[in-house]
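Asks: Using the sequences and the hints, build the whole thing.
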Amino acid sequence: MPMNIAVPVPPVASTPRIPLPERTELAFTGAPGDFFGLVAKGAALILPTAGFYRFWLITDIRRHLWGKTRIGGESLEYTGTGRELLIGFMIALAVLAPIYVGYFALSLAAERMQAFASVPLFLVLYVFGQYAVYRARRYRATRTIFRGVRFWMTGSAWRYAGKTFLWDLATLFSLGLALPWRMAALERYKMQNTRFGDLAGDFAGTGSTLFRRGVALWAMTIGLAIAAGVLAIFVGNAARVIVLIGLLSAMSFTLPIAYVLFRGTLIRWLIEGVRFGAVALESRLRRDTVFGCYLKWLAATTGYGAVLAGVLGSLFAARLGDLNKLEASLAADWSSYAFEAAAVLLLYLAFLLGLGVLKRYFLDRGIWVAVAASTTVVNLTAADHAVAAGEAAGSLGEGLADALDVGAI
Amino acid sequence: MAAAVFYDGLAAKPRPVALRFAADAVEILEGETVAARWAYPDIKRLPVEAARLRVRSLGAPELARLEVEDEALAAELLRRSPQAEAGITTDRRTIARIVGWSLAAAASIVLTTIYLLPLAANQLAPLVPAALERRLGEAVDNQVRVLFDGKACDGGPGAAALGKLVATLTSRVELPLAAEVRVLDTAIGNALALPGGRIYLLDGLLRRAESPDEIAGILAHELGHVARRDALRRLIQAGGSSFLLGLLFGDITGGGTLILLGRTLVDSSYSREAETDADRFAADLMVALGRSPQPMGALLVRITGTQRDMPLPFLASHPVSEARLDALKARESPATGPPLLTEEEWRALKSICKAG
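Top to bottom, those sequences are chains A and B.
Residues 181 to 589 in the working numbering are what the first sequence spells out, letter by letter.
Residues 4 to 359 in the working numbering are what the second sequence spells out, letter by letter.
Heads up, simulated EDC-like pairs for lysine to aspartate or glutamate below, C-alpha to C-alpha not over 16 Å straight-line:
#1 Lys16(B) to Glu33(B)
#2 Lys221(A) to Asp94(B)
#3 Lys16(B) to Asp564(A)
#4 Lys167(B) to Glu183(B)
#5 Lys353(B) to Asp157(B)
#6 Lys167(B) to Asp157(B)
#7 Lys167(B) to Glu347(B)
#8 Lys16(B) to Asp378(A)
#9 Lys47(B) to Glu79(B)
Stretches of chain B that chain A covers, calculated by requiring three or more beta carbons in the stretch to come under 8 Å of a beta carbon on chain A:
#10 15-24
#11 45-51
#12 66-77
#13 105-113
Bear in mind the hints are in silico, worked out from the structure with no lab data behind them.
Beta carbons: idealized from backbone N, C-alpha and C, even for Gly.
Replies: Here you go:
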């Protein structure tokens, strides 16, 4: 039968065995209550330590998140200490103080310097901030241990800062369209300079992938603004106001939503691109999971704010009849309201510290857990061959990042 | 199934091992060979998942790890290692040390802000060119106008009377910058001197004033601030203190409030000294013009009320009026010179904001 000959069936014995890649799930095993207790205790200690406890709080948080994240049988380990972060902060002060004072003296020196002296300071601090981001990442990498071998980083933080600056210019002038390629280039630089022992890291994500996944979000924010702007040029004065009001009200909705959705897209894309030799990561992270984290955070923050506002309201309602009287009596003799003033101050501090706790719990931990639950490691056995290399890096980057407000968990 | 997994800190490959408890050390056995021998006192537990025991040894390579899954074995290892649990997390003693040192550091920075910054500001202020100070003044000026939401009252006979009063006052003093006085239409009773020599007299003060000498005293006081370049010094000091306190508190949530509170305390203590000096300047000027400095004190009391029993005098940006009043009383002198304004001029000045 000729038909049968046309479809040759190879003998079973000679079937090439294609080994399925070995797949290992990531898992997070930390109890929510443990983390909440940790950050609540930290917030309570921030006040009596004039903020210095933040270094130990950050360390405790990382130790918790790293230590409870399992890859197969083993968990990660964070070996950094609060003391190291404190030292990094001190050195950062020593580095930044002359810059601030120098700028101050410069602006006082001559009037005509003023006009352009403020621009370089902003730029210097911005570039410094990116330098700090890279150095801080290096600190965190070298304090991350897996199977008795540390991660570490090569590369130059100044080069990274320079690249960021140029890519940010491109992003600015392209109205955000260059952002995916910026993210890809910077992440590639970071990952290609990251090592696990002697196993070289790489980043496989591409700008065009991120662009395809994010272009709709760009359209509903910046694209919308451009369209409205163009429309406003061609309509009359009366309609122009309506167009602009419509744009502003639309943007106030779309902007936060687009930001959160993009964050979900971005995190997934960043995870999917991670490579260490033959080891690769896969992610099933959904945008609505990240969106859910933000919704929970928003609900908790609103509820918390409402409770504190209620406390404040009842406090004042008991004391004061109407607002006019308050204004008059405050002008005449505000001192009798010292109790209320102190209460307002304390409530305000409690509010801010509480906001920090909620943010860390719902966003930092929430997203971490979501990422861990949706990530798969492919070919983990390839990491068996890694040989220890690299040394623990200094914590100056963390200190600078802290002083310049560009820190991360 | 091995009882434990050993990572030697040199390679990432997991090594299934068995444990043997010797008298002084745990022996990590790979088949029959001893891969490592860790003395019990060197063994430290690591704070990872509570379900598994992960330890390291002070005597082994820094990153060598032993993971024990078997519960009985883990318990036995912990029982034999006396130091295993020490320093595992941030404990009470560490926290107490952090709190102590933090308070010391905070005290040091606050003392620097209170005592060293004014010194630095005093040294720096004379170095600032007048042209630059005027530019700074313009920036502050815009903020003040927004803050008080006030139109400047000018023109009419009131402005002429004000011009005469200012000219009389400035004829007796030498100022580093030309002073320029304006009245703002607001019910608030206050006067302020900005960097660059501009003085704002708020109409609330005029409305409650009863004689030209009261207003003259207030203006002389503000001229004192201009003469000392107090506003500039305050600007330098505020910049310095926000830098120092900002760095101290870093980016913690709630830091903004602490900085604000700290700044308020520091700035008010600074301005109390400046106010006393400006009072002295005003008293000297009034006496030189043959007028008494005391009416100014009377006006201050009328505006702010007596503040003797105020619970937080440290927070007041103006010194306690009774104390200032006492100081002004001590300088009391009979009015020997001619009145600074005629009755008609005084009425015009009082209604300067109604005319326009």
